[in-house]
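Undergrad: For chain L, the structure is supplied; the task is to place chain V on it using the hints.
Going line by line, the protein sequences match chains L and V. Numbering-wise (the UniProt record's numbering), the first sequence opens with residue 1 and increments by one. Numbering-wise (the UniProt record's numbering), the second sequence opens with residue 1 and increments by one.
Do not take every clue at face value.
[To be verified] Footprint (simulated), chain V over chain L, 3 or more residues, beta carbon under 8 Å: (1) 699–707; (2) 813–827.
[Said to hold, decoys possible] Computed footprint of chain L on chain V; a stretch qualifies when at least three of its residues, placed anywhere within it, have a C-beta under 8 Å from a C-beta of chain L: (3) 696–708; (4) 755–764.
Simulated from the structure, these hints should not be mistaken for lab results. Glycine residues also receive a C-beta, built at the ideal position from the N, C-alpha and C atoms.
There are 2 protein chains.
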Amino acid sequence: MTNQQNKYVYSFTEGDGKARQLLGGKGANLCEMTQIGLNVPPGFTITTKACLTYLDQNNTLPDGLIQEVKDQMSALEKATGKGFGDAHNPLLVSVRSGSAMSMPGMMDTILNLGMNRETLQGEIEQTGDERFAYDAYRRFIQLFGKIALGIDDMHFDEPFEAIKKREGVKEDVGLSAENLKEIAALFLDVVHAQTGRAFPEDPYEQLELAIKAVFGSWSGKRAVDYRREFHITPDMANGTAVNVCTMVFGNRGNDCATGVAFTRNPGTGENVFYGEYLVNAQGEDVVAGIRTPKPIAQMETEMPEMYRQLEELRSKLETHYSEIQDFEFTIEKGILYCLQTRNGKMNTQAMVRTSVELVEEGLINKEQALLRIAPESLEQMLFPRLDPNIKVKPLATGLPASPGAACGHVVFDADRAVAQKKTSGKPLILLREETKPEDIHGFFVSEAILTSRGGKTSHAAVVARGMGKPCVAGAEGIEVDVMARRAHIGDVVIKEGDMITIDGTSGNVYLGEVATVEAEFSEELKTLLSWADERAHLKVMANADIPEDAERALKYGAMGIGLCRTERMFNAAERLPIVLEMIVSDTLEQRQDALDRLLPIQRQDFIELFKTMSPRPVTVRLLDPPIHEFLPSENQLIDDLIQLRHLKDTMRGSEVLTATLSLLSTKNGALQPIQQLADSSLVDEAIEKKEAILKKVRALFEVNPMLGHRGVRLGITFPEIYAMQIRAVLEAACACQKKGIEVHPEIMIPQVCTSEELRNIKVHVEAIRQQVEESEGIAPIFKFGSMMEVVRACMRAEQLAEEAEFFSFGTNDLTQATFSFSREDAENKFLPMYNEAGILQDNPFEVLDANGVGKLMELAVKWGRGVKPGMKIGICGEHGGHPASIRFCHSIGLTYVSCSGPRVPIARLAAAQAALLDS
Amino acid sequence: MTNQQNKYVYSFTEGDGKARQLLGGKGANLCEMTQIGLNVPPGFTITTKACLTYLDQNNTLPDGLIQEVKDQMSALEKATGKGFGDAHNPLLVSVRSGSAMSMPGMMDTILNLGMNRETLQGEIEQTGDERFAYDAYRRFIQLFGKIALGIDDMHFDEPFEAIKKREGVKEDVGLSAENLKEIAALFLDVVHAQTGRAFPEDPYEQLELAIKAVFGSWSGKRAVDYRREFHITPDMANGTAVNVCTMVFGNRGNDCATGVAFTRNPGTGENVFYGEYLVNAQGEDVVAGIRTPKPIAQMETEMPEMYRQLEELRSKLETHYSEIQDFEFTIEKGILYCLQTRNGKMNTQAMVRTSVELVEEGLINKEQALLRIAPESLEQMLFPRLDPNIKVKPLATGLPASPGAACGHVVFDADRAVAQKKTSGKPLILLREETKPEDIHGFFVSEAILTSRGGKTSHAAVVARGMGKPCVAGAEGIEVDVMARRAHIGDVVIKEGDMITIDGTSGNVYLGEVATVEAEFSEELKTLLSWADERAHLKVMANADIPEDAERALKYGAMGIGLCRTERMFNAAERLPIVLEMIVSDTLEQRQDALDRLLPIQRQDFIELFKTMSPRPVTVRLLDPPIHEFLPSENQLIDDLIQLRHLKDTMRGSEVLTATLSLLSTKNGALQPIQQLADSSLVDEAIEKKEAILKKVRALFEVNPMLGHRGVRLGITFPEIYAMQIRAVLEAACACQKKGIEVHPEIMIPQVCTSEELRNIKVHVEAIRQQVEESEGIAPIFKFGSMMEVVRACMRAEQLAEEAEFFSFGTNDLTQATFSFSREDAENKFLPMYNEAGILQDNPFEVLDANGVGKLMELAVKWGRGVKPGMKIGICGEHGGHPASIRFCHSIGLTYVSCSGPRVPIARLAAAQAALLDS
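Chain L extracted, bound-state conformation:
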């Protein structure tokens, strides 16, 4: 025997089932199956180390390898009672590659190796089935010719098809033994012609050539390209093993069969035996679909003993692997062989159900159950989706901006959406070029949103995600003509009322109604997530701006609201005009007047939010976006003014007026209800208002709005705006407290870059707190904290921690500032190219950049907690719902993550996994 150091070959009975790097995944698995007592056909594995040595030595097999192989073959001969090359009872083997990672592009399997003119006769002798033997022979010649000798399939297919044509048969099974004999002879000629020498007759020569071909394929172009494409590095898989296995046949009579099975139903997770089989058939017959396989249950009556053994195998597999198995078996002459097993691929529902049931059955523990499921996959269960069984061609494709699928009748503007919903009640899909805050009432009555412009951060996308409604954004092929109430997609015209279906998970848009499958927030999922919450260190909060969002978030298991964007509360038809008034006002008095009218509205919002979430915390972020975001665009206003002036010029009677009403209703939004435009003085008034807004839009213009006059900078410039919001929070808290409702509001300041800003705002908070406490007669309970979305805030975390009771990383903005990437610009312009060129592995706006942004966060956490040990520090923004990012948040010791409501379950599972993987 060779010593361990230079041992290159392991029998299935001796190889370590865990040694995937050395034996490849397939080899290790065969060893494991053999060693736990499954009836695997005997065989052995040549190591990846042998492969690397072979390649290193300029395609020379390592010393001693052939001898080891010969020793193993002798052992196979002994075990099977057959002889390799034996003319009477020949041993046939399969040869296949197998690296540590499954890798398409590696070579295929060679079956029936060991056949030659002599052993062919032995096979006929043994089976008494000439057709079977010639069939096996011609298959071997082609596979070996192609794989080991590099002959193109074309050379074999041509004579094969010619004979089929001559014989008038369509399927291979129609060929007779004579035909196959003729084919085998032709194939041998092909090999001779293509390689310049005869087909190798010596089985050991066959075996050596096959082994070298497998080794060589590791450095072949296809495999190298694949590894580069999928970033497979040597530490993941290095070299390929070769598995040599005794052939077994399911097609040697009616006491033979072959099949594939799952230990449980992979579609539902139900604990029933699931699979199908064919009597007297080969594995490829099951796959090819020529004969219809029978459901596995039928075997119980057809082959009862075999079925009993299969059931035993099923149970043994689950017990050993603690996982649902997808396995292949062959029955040869009444003997059951297990050829392969692997973890069963299931849809998410089945994964969740089996996770819970495997725990209940004692096969796995709760930790294993939690680690079994990819958090991201839960999305399947949380949103309606297109029926996966239906295949339809999409009409257009945009960006998958908010997940879920929905069907509805197209409507082109928000006002008409509201009207139609009232009258018909039918499901609607709002289709617009892009949406604006003034369209918000249209969102409420629509099932889904579709836009032809804008990206994943467009208004439509962000609002739809917040509401949990499906959205496809920026479907560029669609041309929307609002005034004509129709859209064009190429030659297709969509009119108002036409039915369409959109899939916000894929970005596809379909004409007509496509069946959807409802979301299933199953009992098993609830159980699983309750286990997750027990293990997780991170709390999971939801981003929710209005009471409806909060209710939904609670259903998803949110432990509080981590981000309530108060400006979103302004986006309602009856509120926007007041907000506009506030912005356009030239004096503090005018502004204060508008704010006084907003106060009771916002207070009532908070009361409802706090009640809904009681006793959980609700983090309220004060006004953040630059105020020009509430205003129409300059171009829009100029257009409006041109049309209003034209209207005024041509105004002669109500006919003209009527003709322009629809125009005004869409352009004019909520500012100037169309009913009032009854005479020209009202048109004058509308012009005046538009002009005032236009003036303001120009005054507020910013070169880089992302880095502009926003967040706390607004709060300090216009203290009365923040004062109104602070008062609304504190009065709402008092109102709840007086009714015995436990509330934990947290006031959060956006865009902070220095502790002086926090001190400045705190002065107002304290003054208002005193006033409220006096007038309400009760001390409002609340916390005061800072967003960490400006780089400087991170650098000054120590100083900020002196002022703030909590921090919340706004990783959307922080990522923009850290990279100096404007998200809107980057995603449209150079980020795709950066991903493609491998300069950035991921889109940092989707996957938190641990190396840059994360490093900054880690420093800020360290510095902040250095001053305030155990400080509450969280993250809000889209990364808060992304599993890998959540793992990072766990690793730097954050207190919580906050994400959009529908992603809360995903985050809960990811948080648990982070804790489990860390411990």
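TA: Showing chain V alone in chain L's frame:
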């Protein structure tokens, strides 16, 4: 005696001259002067500690203080031979406040304390001068009444003026002894009427009240406001001392005199005695300007002994203080007293000259010489400035965008500027609403630039600073009408050719020619800066984009070019059209064709730069700004198109054409020379070109250009652009090397955020290096480095250091990203308010924010040098020329700073000071 612990009063002979916090600046100075043997009138100082105790104890004098004062008064009586309250030979004293820092708003001096009805007679007896005595008496009553008793001056001024009127005298000196006697009596009545009690006769009561009044003034509103306004914290000055000093009089006869003097000429620094005096006069007479003082030299003949003593005093002062002194003296009856001395305030020329001469005279060493001068003040010597003796009212004021003053004839567009310069050769000032790259040829021929829009970072400001030309930007009162060739400022009209003067240091604009003083880069300054270079650790480089800039930078002592912005090289009339072609081209071929034409131009620029700077390093930054910055604005193009189309419609003959030529010449820039617009087909062509550019402008639109598609992101998207620039650098290097010229070019990549970007560019650099080496037959010498202007670059400094040979912090962009402030927006919108509200002490775009941006830089330096010890790391950008920022750069161990040429001397001095203060 009280023990030291509770000692509140120090005689001038015992107080520590360094104990400014305890004794106040004035008190410590009086002690110091006394102890070095100057003849200071005897006196003592009550400590600031006594003041704080007084205020703490609710305005009660500390125990034992009065006794200490009395002991000191006894000592004064002994020293002077006079008695405090003595009816025959009375001792009079002055009482004045003095804290550690000079602080207007503290109380004035009380003179002649100790006078009452009795001692008045004693004064008359002693001096034989009734008028003198009554004059002293009435002064004392008023000063004491006002300062110690809080009576408004108005109550004294009214009767005083009434008597002057009655007597028909204009000046106080016209009043007789009788008049003054009457006034004194009236003043005593005023005090009685205002305070309800008689004027205190007891000198000790007077003294106690005066001390309490001084102490109280420390917590008075004026003083508190002043300290808040100027950020004077308790560690800078806490409490005020009280100085009690024997009165001496320069107005007791012709053997008396008073004067002020500088030990050297403060206007030039020349080592001559400089000052003036009056015989038989009081200090305030010198200041009041009623009598004309005589130059000090005249005393040599008028009072030779006194002059000899003064010369002795002058020499003693300089020797002791090692600094030019500004001192006050009084001669009483042939005895010279020194009343006060302080460091002389001088203009920069004088400071520089005296610094060098004091070293030559051995009075100070070079280190002291270097530390004497505020680096910023050198600006006075480096730019022409308005003659300080001329006072003119400015016509308008804008932002001081580039320092220096200049006069010239107004011209409103660049083309006309070039033409006029050619024909008349007269000095010009280019006045525009704002400037664009296509105006650059106008900059070259103008003395200065004036714009009515834009800030300190506008095109005009940045380019003018780079060229060292004065610029006033954003002078908002000016309305420019280019087509009519005139501008309005209120009612004033400025026509083309009118003379104006601008001062880029103050931002003022004047009508007509205002005399200016030339810059003086004196020999002394050269000497001083050579000493600075010996001490500094930091090297000082210049930002220079074109060979002319480089030559100027060399004169200022630049040790290399730290930043050559290659895109600035594109800004020339004959180059911009090629750049436009490159940008507008739709195919790689078109783009490459334009680049091929730019290559020889850019290579020639580099050859000249490298030659000029040889053997110093030249750091070349590859293309940085978003390419749309080279294009006209969308609105500009739309306007142009409207006018071109109108021209096409109305084109009937050459008259119309001529009428529109001027319009086109200003709007159309270099793209389409107006001479070619001879027929309508050429107009069509112009329209087509404009439309193509407009399309490109719209395609390139970015929401946040600061965070957009620029720098290395462009270099990776359009590798052919960077390839051209890299090739130009390397071929230029080879060209110089072949001629034996030593060159050290450094290729610098902007906007880097990840080391992958550097690796990507390095591949191109290496390929081009090989090609150039082959074709030129010589290996180009160069370095490869990275800008550090993206936050993530700092966080990834370790990884970047693996790829880069040097780093250069771009603190302009880094500050924007760290604060999330867009400079253009912030400086116009909220930064002034942030400064005012004390949220930010400084504008972080002018003063490097050490706490935030600086902390990030410090980490990046640590991380980068951890990988590459001793790595060359510098800073370019405007902070590189700012003294406090330079000090910070020194403190974190940077290798160099780079700033605009004219600031190089300032930076050199600041670098030396940083090193000296650190050692």
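Undergrad: If you count the residues of the region 813–827 of chain L with a beta-carbon closer than 8 Å to a beta-carbon of chain V, do you get 3 or more?
TA: holds (count 11)
Undergrad: Please check whether the region 699–707 of chain L has three or more residues whose CB lies within less than 8 Å of a CB on chain V.
TA: holds (count 6)
Undergrad: Report holds or violated for chain L covering the region 755–764 of chain V, Cβ cut-off 8 Å, minimum 3 residues.
TA: Coverage by chain L holds here, the residue count being 3 at a Cβ distance below 8 Å.
Undergrad: Can you take a look at whether the region 696–708 of chain V is actually covered by chain L? Rule is 3+ residues, C-beta closer than 8 Å.
TA: Per the Cβ count (7), the hint holds.
Hint violations for this structure: none, all hints satisfied.
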